[in-house]
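Combine the two chains into a complex, taking the hints into account.
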Amino acid sequence: MYRILLCAMALAMAASARGQNVPDELEQLRQRVDHLEKQAAAKPATNAFNPDISLILQGSVARSSQNPDDYQITGFMPSSANSGGEVAPAPRGFSLGESELVISSNIDPYFRGQLVASFTPDNQLEVEEAFFQTLALGRGFTLKGGRFLSSVGYQNQIHQHAWDFQDAPLAYKAFLGGRLNDDGLQLKWLAPTELLVELGAEVGRGRNFPGSDANRNGAGLWALYGHVGGDLGESTAWRSGLSYLRASASDRGFDDHDAGGNPVTGAFSGRSALWIADAIVKWAPRGDATVTNLKLQGEYFRRSESGDLTLNSRPADYTSRQSGWYAQMVYQFMPRWRVGYRYDRLGYGSVSAGSFTSADASILLTAHNPTRGSLMMDWSPTEFSRVRVQLARDNSRAGVTDNQVLVQYIFSLGAHGAHTF
Amino acid sequence: MRTLLAALSLVALPAHAALTVLACEPEWAALVKEIGGDKVNVTSATTALQDPHRIEARPSLIARARNADLMVCTGAQLEIGWAPLLQSQSGNAKIQAGQPGYFEAAGVVSLLERPTSVDRAQGDVHPAGNPHLHLNPRNIERVAGALIERMGAIDAREAPNYRSRGEAFLKRWRDATVRWEKEGAPLKGMGVVTYHKNLTYLFAWLGMRELGTLEPKPGLPPSTAHLTGLLEQLQREPAKAVVRAAYNEPRAAEWLAERAHIPVVVLPFTVGGTDQAKDLFTLYDDSLARLLALLK
Ligand SMILES: [Zn+2]
Chain A
1 MYRILLCAMA LAMAASARGQ NVPDELEQLR QRVDHLEKQA AAKPATNAFN PDISLILQGS
61 VARSSQNPDD YQITGFMPSS ANSGGEVAPA PRGFSLGESE LVISSNIDPY FRGQLVASFT
121 PDNQLEVEEA FFQTLALGRG FTLKGGRFLS SVGYQNQIHQ HAWDFQDAPL AYKAFLGGRL
181 NDDGLQLKWL APTELLVELG AEVGRGRNFP GSDANRNGAG LWALYGHVGG DLGESTAWRS
241 GLSYLRASAS DRGFDDHDAG GNPVTGAFSG RSALWIADAI VKWAPRGDAT VTNLKLQGEY
301 FRRSESGDLT LNSRPADYTS RQSGWYAQMV YQFMPRWRVG YRYDRLGYGS VSAGSFTSAD
361 ASILLTAHNP TRGSLMMDWS PTEFSRVRVQ LARDNSRAGV TDNQVLVQYI FSLGAHGAHT
421 F
Chain B
1 MRTLLAALSL VALPAHAALT VLACEPEWAA LVKEIGGDKV NVTSATTALQ DPHRIEARPS
61 LIARARNADL MVCTGAQLEI GWAPLLQSQS GNAKIQAGQP GYFEAAGVVS LLERPTSVDR
121 AQGDVHPAGN PHLHLNPRNI ERVAGALIER MGAIDAREAP NYRSRGEAFL KRWRDATVRW
181 EKEGAPLKGM GVVTYHKNLT YLFAWLGMRE LGTLEPKPGL PPSTAHLTGL LEQLQREPAK
241 AVVRAAYNEP RAAEWLAERA HIPVVVLPFT VGGTDQAKDL FTLYDDSLAR LLALLK
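Protein chains in written order, with the working numbering: chain A, 1 to 421; chain B, 1 to 296.
The reader is advised that the hints may include incorrect statements.
[As the list claims (entries may be wrong)] Here are a few chain B residues that sit away from chain A, every Cβ distance over 12 Å (derived from the structure):
1) P160
2) G207
3) L227
[To be verified] Ranges between beta-carbon positions, derived for each pair:
4) E167/B x E234/A: 29 to 39 Å
5) R172/B x V407/A: 52 to 62 Å
6) S117/B x T120/A: 26 to 36 Å
7) A153/B x I158/A: 30 to 40 Å
8) D275/B x T120/A: 52 to 62 Å
9) T371/A x P100/B: 54 to 64 Å
10) T236/A x D275/B: 19 to 29 Å
11) I158/A x T116/B: 35 to 45 Å
12) V407/A x S117/B: 30 to 40 Å
Hints listed in this document are in silico derivations from the structure and should not be mistaken for laboratory results. Ideal Cβ positions, reconstructed from N, Cα and C, are used throughout, including at glycine.
Next up, chain B with everything else stripped away, as it sits in the complex (with noise of 0.2 Å):
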């Protein structure tokens, strides 16, 4: 028993930071490192290149959850393959549904096409609407708010370096957003056509048109018969761009924008998904940078 033990211990984790947080998906793991600085130890269960939708609970994701005082998910059954496994199997009370130390994203958030009938012939819809909510600066501000309150709420010895890094950030990030839609004015009314339905947030924010998705469905992967489809839809009404996130893959995006004679617009989505989006910040910035791009 001590030799095993001692040979646990090996393996254990580093010194202990103040709180040990999963985050679902890198944008989150970003705003707890924000809100937390280095009194929170954070990682991401997913990277900018991965799809949030297809993920498995793998053995270092279970051990991550064993591990966690709280775990910060989008939520809208974005994660409904995976999270509620992780959560079964970690023995760890701590993140269970319902527990302070689960944090859904999206209970702050009002979401966008809320379907107000569900049914799979519609393809692998979000039923409780759509859960890719952190791409409009106004809900990260929520989110933020909720997260400050929840963080102080399970470390209530940091709860006030919390609660004054959360202020400083907050306002750092409103006077960002009031630049941002500064910058992204020009954008309003551009049509673009995306992968799947995960920019519609930005799209909204910045008062662009969606005026389709290269996915046929939710969650189906593109057919010739719907990209020629769209492409003739194209012609009638042209797109800007194809715009589509880093995980979503190139194939069919360079199909139709090329027939179409539109450049391909490939957004980080989220914090690692291009170089230059290393934080929430420059996440924004990089991916207003290339949008604007398209109107010089």
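Bound conformation, chain A alone (with noise of 0.2 Å):
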């Protein structure tokens, strides 16, 4: 208010001392114009001390040739949803989707935090993320901890809402239960060098799958990882990576039936070590991704179980070495517009398990490679809404084409979101 006076105040001194000769006077006046508005743009902003908000609406209408309810990845752990995850496709018809609830923010010098809950449709409240971070370890150190996204894989860290297509690649959902967020610690360190290259390692309770919460001392999952990443020229932007998770179950259920469909209750107990190896490449003309870009991304996953299997309480050996991948590419040939192709397949591999064949457990122990291939097209009206149009033919169930149409909605209310890479 004092400046604008003080403005007013010399616009009409100039006025006044238009013919006579005073500049001197206008420059004093117009210095301490400055500097008063140096005093005031130094205030900083009100809502500086309130973390960022932001609410991210989801919605969905689906139609699926086969049931969502008995979803099955014929050949694969977990069978089904109640193994822990979320893995089976969009529910048919009208729903809605998680709907989540993030508030970030610097906690003090030292630390930020972040939490990320999710309502889901049937009305439960789930803590997606609730973790703090390091700011001041420097020399490249972060540690994380609480409830956070796995930093293993490309896909794994990135929020759900975020996804480019509505679901996860068929080997996110067997190899990992659609997506790993366990408790524990991460220490993460950056190279000092020109390249991004970052090493991790994780801790946690393994509480989800490929883990199984037990009440146990000490650590259920532990991972390690490292990243590289640059540019190539101006347009192009790449990051890869090899992962490797070690995990101990016991009694990880799941469901299956026999031969006669009857129903089987069975269990694993002992160790799963996997490998992932990602890749992506971000292109967009002199770097500028706002009229057209490209991104082309891929991960394989190969894991290997070892341990005791129970079917009906009935115990076996149990081993397998089973693998899978995707590759998906998403091009934006307009401002708003982008389409997308992705394609999935996992092999079965091998499997044994003593005496047990697919006629005591048909979903784990037929051997099917499962493969599906998504189609997309979405418009983003800003940075805040997107609304999607997806095809899927999907082969995960042996022997059974599933396909799906769906069409999505995303729209994310308050704090700007992140430009994750």
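What follows is the structure in structure tokens.
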């Protein structure tokens, strides 16, 4: 207010000074106004101490030729949603997706915190992420603790509302139960290099697939990962990585059925080791993604498990070596509009379960290489809204093709979203 | 472990200059260069042909943030989508918000167009005010003054050097500002249409009039309906030209210019936006020359 007054005075003076020769006074006034302006500008924004809050609203209308309620990936654990993770396709008809509340802020000069709470359509409240992260360790080190999306692979740490397709790649469903968000600690180090070289280690409770929550001291899951990345000229950026994940499962349950269709309760106890190789390349003319851009992304998974299997309490030795991969391409052909294609494939590999055969557990022990092709087109009026159409031909179930069509919306309210690579 | 370290040293940064600086935009890289000379190793996270609102925190930027002693950004939420990610992922304590190693130009300049209410129904508005502040030379002067102090505070050994180089720059800059203001005087009152409100400070400084923007609302791509409306408006109140920054896509500007029978002027917007705009001085020289050409 004072500043405006002063400006007005300066103007009045300038007007009255016309014809007279008082440039010195004007200059003094100008300097005083500058000084006051500087003071005014230095005042922090009034909401500077409030956390960033954003809310994600999602929903879909879907049609599928097979019942999503009895979705399974033949030949793989988990074979149903209750083994942990969210693996089934979108429900038929109209349905609400997860509504996410994201709150984040610097806590003090040393820590940052973030909460991602998810309201599920069946009125549950889930904590997807709740973590602290250090800001001041320096020398490239960052420690994270709490519940967080693991940094293994590429897509795992991308929030679901920022995915390029409505659902997770089959390999994520089969090997990580959709995505891995364990309770634990992560230590990450960035090398002092021009190329991005990131090395990280995680230890966790192992509360979810591929682990299983057990009442134990120590860690149920640990992981190591490394990522390298950089630019290829002005238009292309890339990142590639290798991750290793080790989990111990004890009585990790799953539902199956025998050849006669009778339900079978299965459980696995033992070790699970997973390798993930990931690569992503993004291209935009001169590095400006505003008008057109292209994104290529792929990940390869290889898992071996060994331990004890029980089917309706009958035990057997179990070993498996299985693999899977997906590759996807998303192209923005004009502002707001993108098209994408994704191909998924899982390899049954070798599975031995003592004397058990597919007659005892038809989902787990039927040799089948699931595949899926998905096509999507989305329209994003702004950074805060997106509507997507997705078609998929899903051969996750042996001998059955599931044709899926869905329309999905994603809206984001509140704080400006982060432009994650 | 030893082989790992050896491998890393192969890709390690070249011998250190006194201060490693990551500028968010080319204009701040140019300013740091003026003040620091060869005592600083400065790079810009963006080029003049990239939209600074829409950058992603890509791996090469995270690596550069990791190694920076100082990060110089515009602030006022221009980089809200990516600079906070660079900070939180860098593992670098020096460049965190609130530390001396994070400098925001908007902190020492009074911003134009501070909205009295903020609602995204108005588009992707800049809630702190218009952040595209570098196209008024008096703002550059203020930022330079603060940056000289900041660089000296972080790197005390070179502080006298920064001060003397900085003072010499400021003297040349003030002289040039007087010259630009004289040269630009005929532009006063000229009405133009722009793409995004990213040239507002330039127009305000030169006394030009911004008659409209090709974007219907901040951050939204131009639509035919909006351009048609703008064309009608220009029939009542003609503009001298459609002026756009080098990074803004050309088609909408050409569409309108052709129908309104006025030229398109492409301004460098920042250092590197045209072949002529090689540093801050030539950025202003070239911008003025391109606007003054309209009067010939
Ligand atoms: Zn802007």
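Hint check against the structure, violated hint numbers in rising order: Those not satisfied: there are none.
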